[in-house]
Amino acid sequence: MNHAMDREHVVRRIEEIGVVPVVRASSGALAVRAGRALCAGGIEVLEITMTVPDALAVMHEITSRMGSRVLVGAGTVLTADAARGCIEAGAQFIVSPGLNLEVIHAARELGKAVFPGALTPTEVIAAWSAGADAVKVFPCSAMGGAKYLRALRGPLPHVKLLPTGGVNLATAREFIEAGAVALGVGGELVDAAALEAGCDEVLTERAREFLAVVRSARAGMEKRAERSRREAPEEA
Numbered sequence: 000m001n002h003a004m005d006r007e008h009v010v011r012r013i014e015e016i017g018v019v020p021v022v023r024a025s026s027g028a029l030a031v032r033a034g035r036a037l038c039a040g041g042i043e044v045l046e047i048t049m050t051v052p053d054a055l056a057v058m059h060e061i062t063s064r065m066g067s068r069v070l071v072g073a074g075t076v077l078t079a080d081a082a083r084g085c086i087e088a089g090a091q092f093i094v095s096p097g098l099n100l101e102v103i104h105a106a107r108e109l110g111k112a113v114f115p116g117a118l119t120p121t122e123v124i125a126a127w128s129a130g131a132d133a134v135k136v137f138p139c140s141a142m143g144g145a146k147y148l149r150a151l152r153g154p155l156p157h158v159k160l161l162p163t164g165g166v167n168l169a170t171a172r173e174f175i176e177a178g179a180v181a182l183g184v185g186g187e188l189v190d191a192a193a194l195e196a197g198c199d200e201v202l203t204e205r206a207r208e209f210l211a212v213v214r215s216a217r218a219g220m221e222k223r224a225e226r227s228r229r230e231a232p233e234e235a
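First residue of the sequence shown: 0, per the working numbering; consecutive thereafter.
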């Protein structure tokens, strides 16, 4: 499989799943447990942030143990060198909170998907033009959440947007309906308190709930689109 196909497959799989859990944990062991719990709930994609202790070792361990089942990516990647290190550790995609063109170029050179952070229309356009596979709109909630995402989609319908910040079970549907290709979800899904208490099943159940909301929202959109097609007047 060539690099381009590999990257495209990763992006397509993330879009299919529709949820990217942002894994922050106080230890590597907790991050690995979070990964297992989320995978058990059907979310077979993980963004391991560089703020997790021994993050590279965590990526390597999850990739080694569950690599065929789960897509492992790296989050909070701030430099090109960090991106290269994460990819060497097994990361299949790179996520950053802001726009660093060198990070995008490093990921693309190594054939991996990259989701840089951006907030303003200018940043989103710059990120997409530089080769982003999708643009992480962060912190989306600070700009109005789904309404802001919908506003961005107006002039930029071709740009794949992945909102992060303010995404929870109550808002997930409106983010999908506003045009998100997938949702970045942190503490609302990767519950640190539940992990610390040994209640990993909380993450598994929440994963199922998020997936159900995404599926339901997409099905509703498809039905509305089909209705519109049927009701549209035929061309003369």
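Derived from the structure by calculation, the hints contain no laboratory data.
On a predicted model such as this, the values are computed, not experimentally measured, just so you know.
It is possible that some hints are incorrect.
Calculated cross-link-like contacts (lysine-lysine; reagent style DSSO-like; alpha-carbon spacing at most 30 angstroms) [as the list claims (entries may be wrong)]:
{"no.": "1", "residue 1": "K146", "residue 2": "K222"}
{"no.": "2", "residue 1": "K146", "residue 2": "K159"}
{"no.": "3", "residue 1": "K222", "residue 2": "K159"}
- Taken at face value, is the distance from the CA of K222 to the CA of K146 at most 30 angstroms? holds (22 angstroms)
- Query: Does K159 lie within 30 angstroms of K222 when you go C-alpha to C-alpha?
  - Reply: holds (22 angstroms)
- Message: Need the status of pair K146, K159: alpha-carbon distance at most 30 angstroms?
- Response: holds (16 angstroms)
Taken one by one, the earlier hints all hold for this structure without exception.
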